[in-house]
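Engineer: Here are the chains, one letter per residue:
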Amino acid sequence: MPYPQELKELIKVVEKTRSERVARKKKNEEVPFLSLEERKKILDYHPDFREEGRREIKVGPSKGYRIAHEMVDMLEAKSRVNPDLVDLSQVDYETDVLVIGGGGAGTSAALLAQEQGAKVIIATKLRHGDANTMMAEGGIQAATKGWKDSPYYHYLDVMGGGHFKNIPDLVDTLVTEAPDVILWLGKLGCNFSKFPDGTLKTLHGGGTCRKRMHYAADITGAEIMRTIRDEARNRSQDIKVIEFSPAVELILNENGECAGALLYNMETEEYFIVKAKAVIMATGGSGRLHIQNFMTTNHYGATADGIVIAYRAGVGICFLHTVQYHPTGVVFPEQAEGILITEKFRGSGANLVNIDGQQFVNEREPRDVESAAVIKECVEKGKGIPTPTGKFGVWLDSPMIDILSGEGTVEREFPGKFILYKRFGIDISKEPMLIYPTLHYQNGGLEYKSKGETTLPGLFVAGEVGGGVHGQNRLMGNSLLDILVFGRIAGKSAADYAKSRSDMGILTLDHVRAYHKGLEEADIETDRVSPMLLPDYTLPHVKERQLTSCYVGTLR
Amino acid sequence: MKISYYPGCTLKTKAKNMDCPGVAALNALGVELVELPRWNCCGAVFSLADDDLLHLLAPVRDLIRVVEQGDNKLVVACSMCYNTLARANLLMRENSEKRHTINTFMEEERDYNGEVEVVHLLSFLRDEIGWEKIKESIKVPLRGLKIAPYYGCTLLRPQSVAIEPPEKRTLFKDLIETMGATVVDFPASTDCCSSYQILSNPDIGIETVSKILESAESWGAEAIVTSCPLCEYNLGKRQEDALRKHDKLKELPTFYFTQLLALALGLGAEVCNFELNHNGVVRLMESKKFLTAA
Amino acid sequence: MSTTDTTKGESKETTSGKELVSIFVMGKKYEVPKNLTIMKAMEYAGYKYIRGCGCRGGICGACGTVYRKPGDYHIYVGLACQTVVEDGMYLTQLPFFPANRATYNLEAIGSDPEEVYKKYPELFRCVACNACTKVCPMDISVMDYISAIKQGDFEKATELSFDCIQCIFPFENYGG
Amino acid sequence: MTIEISDKTYDEEFVKKVEEISGENFHKCMQCGTCSGGCPMIEHMDIPPRQIMILTHFGLKDKVISSKTAWICATCNACSVRCPRGIELTKVMEAIRQLTLRKNINYVEPSAISEEIMAGLPQIALVSCFRKHTS
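Chains as they are written, first to last, in the numbering used here: chain W, 39 to 594; chain B, 14 to 307; chain G, 5 to 180; chain Y, 174 to 308.
Keep in mind that the hints are not guaranteed to be accurate.
[What the hints assert, rightly or not] Cross-link-like lysine-lysine pairs, in silico, DSS-like; alpha carbons within 27 Å at most:
{"hint": "1", "chain 1": "W", "residue 1": "101", "chain 2": "W", "residue 2": "555"}
{"hint": "2", "chain 1": "W", "residue 1": "96", "chain 2": "W", "residue 2": "555"}
{"hint": "3", "chain 1": "W", "residue 1": "581", "chain 2": "G", "residue 2": "38"}
{"hint": "4", "chain 1": "B", "residue 1": "86", "chain 2": "G", "residue 2": "160"}
{"hint": "5", "chain 1": "G", "residue 1": "33", "chain 2": "W", "residue 2": "581"}
{"hint": "6", "chain 1": "G", "residue 1": "123", "chain 2": "B", "residue 2": "29"}
{"hint": "7", "chain 1": "W", "residue 1": "460", "chain 2": "G", "residue 2": "160"}
[What the hints assert, rightly or not] Examples of chain W residues toward chain G, derived with CB under 7 Å:
{"hint": "8", "residue": "168"}
{"hint": "9", "residue": "172"}
{"hint": "10", "residue": "173"}
{"hint": "11", "residue": "227"}
{"hint": "12", "residue": "260"}
{"hint": "13", "residue": "272"}
{"hint": "14", "residue": "337"}
{"hint": "15", "residue": "338"}
{"hint": "16", "residue": "373"}
{"hint": "17", "residue": "453"}
{"hint": "18", "residue": "458"}
{"hint": "19", "residue": "580"}
Calculated directly from the structure, the hints in this document are not laboratory data.
Fair warning: this is a prediction, and the values are worked out from it, not measured in the lab.
Cβ coordinates follow ideal geometry from the N, Cα and C atoms, glycine included.
For reference, chain W alone in the conformation it holds in the complex (with noise of 0.2 Å):
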């Protein structure tokens, strides 16, 4: 719907003072970036330093650990099915390393897994590319340019945005094998945003000191996770893919090995047993845990299954304290309520206002202090726009895009956006957009080393279900390239484990009963049963006449 009349009154006050925001941009002048001192203050209000918000976990490998209470009850949850009625002599498919997760870490895990002889086999809950890879789209990272950049300032960026936190090999790592990953994705037909001359064109992203953020349009993630599928397909003779099938639990053996996994297959409620020479684990995030209530920017399956079923089998978990609120999300109109903008439209000149048309923080802080700036903004302030729907947001400024840069460049750069509002009848070129922050990503995970390796032997670790590489905050553009990076370390490692693995031992659950004894131990009596596979949207209403929800199927 479009904005109703008493939101175009507030609009007029925004186009009151833009003129005179345009020529401020023109001449370069910001609102000067906070001190590392007033950072720390505004940072009260982001989420993550809502004491209440979390608990401690009272089980597994990182018992003690605060974090919140929608991970802890994932976490301190039964599995979702009796080991005793799993016969694990009867195995459905037997590959050298399985993949689980079919987003943009799985997939190139998959295909470098395959380009060293292993034959491999993709799990994943929804179709393959069904994933937050699909809906990342600003960019992706990387100092390819030889002027005035490199991996060393590249690095620098990503630890001063993690808050010096991070686990520095990692980002060694992470940075220094950037630039392959991008000429990777070139020769595999990615059409990044480039100039007539063919080189590519690259942005400034929230936090970096250096315009390395390579883009295709506004769907980067997109055009990686088509390209990246694409190829996989083509390769369809060793790369099997086994859709609408989730991991639920992992298989060791009895030397305490990873061998395998349990899938379900969510249609015929069936459970498969693979046994694999080694398993990657890349099922991405938790957006759709909604933590603290947030809406999300998630896809509809970043439910942190991989981190439970994981962390039944003993691999610990890190930084999961910390959870990215994307600082601009859609508020209104309501359908698109959660809906990521991408930084891309700050860094392309648009500003934050509030409701009185003024500037109240610089558009490029790292993403946490600018959410929490925005929620200070409206909560403490008072200065946030009320939203028909009773929510608050302060407003994304894009007409000053095509002031700047010519008429008809929010339509060109912006592609996905621009329709989308077109639907609700609301023209972003013209009129601002109404936003707040979002549950974006899960800043931690299981702990990993810089070879794709976990404490356990034969479970490799890709993407955003890791943690450690951003530190306490990711910053934009850094996500594609973490998984792309530990995506095709992970493929190569898991398949060089594979070739030197010949016995594969006895599989066993013996690591889930462990745990469901611990639970008891730990006094914890539920009925949660975990992973959750997808988030239940279902009403009070119709729940009420559910009877039979009691099952653990994959509907209730």
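Take the given structure of chain W and dock chains B, G and Y to it, following the hints.
Structural biologist: This is chains B, G and Y only, laid out in the frame that chain W set:
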């Protein structure tokens, strides 16, 4: 002068050697051929089934693009495209019932009533530029070259869209003479080259091609000139197959008329894309010293 | 599973008492609040998606939905997560539909149009009926980019088709 | 060639269909043979165009449909422009082809054309061949 121009799919790829020299030659004669924006494949053949209107949508859409440009004339170089577009145009002009059905179906487009005039490039040369003016602009007369004009089917049949009366055809002859070359009219000039049968029944196609080549050669032609990429493919590229089957046949270079025109206008071999022709064309042109003369 | 908090992100507005409209999901009538997207309306009605739901943000192409409106001969296609319900809307989600998808080695194929003929000869049966453009939920000029391919203009075809989200998912040789 | 003509051999439905699809009154044909005389493909046809016309007139569906004549016809229109009765034979040939094609039977199978042949063909050859020989 600017005029709307429909190149057709093949002229943009396999038959660039017809498109590029044509555009360059017309430019040299003071005419800018303005390629239609958003044109689509015309369908190559006109739909002959009376109850089939679906296949008329493509050519009619192209004609609508002309109207959208604010133009009322469309120049077409490819014979097959010309035939299809001209016949679709005629039908839209004359058959009110079908016109209505088609316009209703294409609700997203403006209504079309046959307002556009579809003109073949050959007719355009004669009627809008004139042989005299062309003659004045000739820099490299193709003197001594004996050319057999090959019309094929689609320029002359059916009569309703024939670019000139088949029995009194002079267009190619006049053009060839204007360029300073010698015309070799031959009986198979309006025979069918086998068209799409080269794909369905290649053997029959090659037999048909052989006959045309034999006819042209027996009348003393050194080269064939055509205005259709399918004729050029059959007579030119597939000529090797005909030569292999029939010892008597000699190689007979096949040109597009636009190539010869560009050459005669002194535009040089660069615009002619001779590398896309399939048999001794460069050799022949060199032996006649037409390439160095410019 | 933990108790469902209906104020959670997506579901919030569905609980507020609002004007209702009737929609027909695969022929069966449900009353749902107006202004919901098809996706949220179906969830409101009690459906839980397994297939047919993906990013919920209009980019993954999982939720292509065909619908008709009373008294209207058109067949519409929209994304369930992006299309707002209308009173009397009859809808069904696009079932699995295998597209003809070629496999290729990008290093080995050239950039001539004939590479496309070889892989997709059906392009040359296009009659420009434009149905493809009309059903595209992303407003892509499908007919025009198909034309561009036939004309050998791949750059134009790439630009015109860039926003494609592959809602008719081209599966091939997939196990499971 | 001796052919039997009777009530039993006359397929009225077939005649009507050809009339309908072609939009031509082929009953006007006076069997002069000009069409066959000028046909460039005649030597490859099993039944000459003139005979196709009379067989169609007599409703001898099987003979007409099973003949390869309509498939060898290249729609060059030589017959149509010469016919003294003004019949567009190419439209009759089209109707005869359509009777087969509309049953989803292809004369040429697009997916079966070899890559080498495809590679060299101009687009108009493919488009026209598919238009004429595929359903």
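Engineer: Please write out, lowest number first, the hints stated earlier that are contradicted by the structure.
Structural biologist: When the structure is compared with the hints, none of them turns out to be violated.
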